[in-house]
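S.K.: Sequence:
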Amino acid sequence: MALGKLITAVSFALCAIAPVSAFAQQNVNGCEIRPQTYCGAADLHGANLQFAHLYSADLQKVNLSKANLQQAQLYSSVFDGADLSNANASGANFVGADMLNTNLSGANFSRANLKGANLTNADLSGANFRKANLEGAILEGAKLEGANFEGAKTQGCKGCP
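Note that my numbering gives residue 126 to position 126 of the sequence shown, counting from 1, and the numbers run on in steps of one.
Hint data in this document are derived by calculation from the structure and do not stem from the laboratory.
The reader is advised that the hints may include incorrect statements.
Quick list of simulated restraints, FRET-style, between CB atoms [claimed, not checked]:
(1) G156 - N121: 18 to 24 Å
(2) A41 - Q155: 31 to 37 Å
(3) G146 - G81: 19 to 25 Å
(4) G151 - Y38: 32 to 38 Å
(5) G151 - G81: 27 to 33 Å
Calculated lysine-lysine pairs in the BS3-like style (CA-CA distance at most 27 Å, straight line) [stated by the list, open to error]:
(6) K131 - K158
(7) K143 - K131
(8) K153 - K66
(9) K61 - K143
(10) K131 - K66
(11) K143 - K66
(12) K153 - K143
(13) K131 - K153
(14) K158 - K61
(15) K143 - K158
Ideal placement from N, C-alpha and C gives every residue a C-beta, glycine not left out.
Given only the sequences and the hints, what does the whole structure look like? Please build it.
M.R.: If you want it as structure tokens, here you go:
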């Protein structure tokens, strides 16, 4: 394992178990782990961000494929053009997030809160939204092939099946 990947793995492992204040101002692969951060185009592939507080963050074009985002607080964040394919975001909070043109294929959003999120033109193919809250979300132009919306709250959702 390359030294950079080892440091990233250790830093994100600490992120998952430490209180938020313990890793404030931590910089990992060009992404400062704190609310309202800017992480444009950072490579966080496979990162463990379980329980992370990154609300109102600019995560445009970030690679979060296969990342662990369980129970993360990502509300009001911007993910435009990001890759969250095969990420585990079960129980995460994406209220009001902008996820335009985002790759969410194969991702797990079960029980996640995406109320009012904008997923216009996102790739949701094979994604799991079982029991997720999509009230008021926008999925217009999104690829929905094979996506699971069983038990999801979709009142007021534009483009939901």
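S.K.: Hint by hint, say whether it matches the structure.
M.R.: Now for the hints, and whether the structure bears them out:
1. G156 - N121: 18 to 24 Å: Cβ of G156 to Cβ of N121: about 19 Å, so the range 18 to 24 Å holds.
2. A41 - Q155: 31 to 37 Å: Holds: the Cβ-Cβ distance is about 35 Å, inside 31 to 37 Å.
3. G146 - G81: 19 to 25 Å: 22 Å, holds
4. G151 - Y38: 32 to 38 Å: 35 Å, holds
5. G151 - G81: 27 to 33 Å: Since G151 and G81 have Cβ atoms about 29 Å apart, the given range 27 to 33 Å holds.
6. K131 - K158: 17 Å, holds
7. K143 - K131: 19 Å, holds
8. K153 - K66: 25 Å, holds
9. K61 - K143: 19 Å, holds
10. K131 - K66: It holds: about 21 Å lies between the C-alpha atoms, which stays within 27 Å.
11. K143 - K66: 19 Å, holds
12. K153 - K143: 19 Å, holds
13. K131 - K153: 7 Å, holds
14. K158 - K61: Holds, because 24 Å separates the two Cα atoms, which is no more than 27 Å.
15. K143 - K158: OK: K143 and K158 at ~13 Å, within 27 Å.
Consistency note: the structure conflicts with none of the earlier hints.
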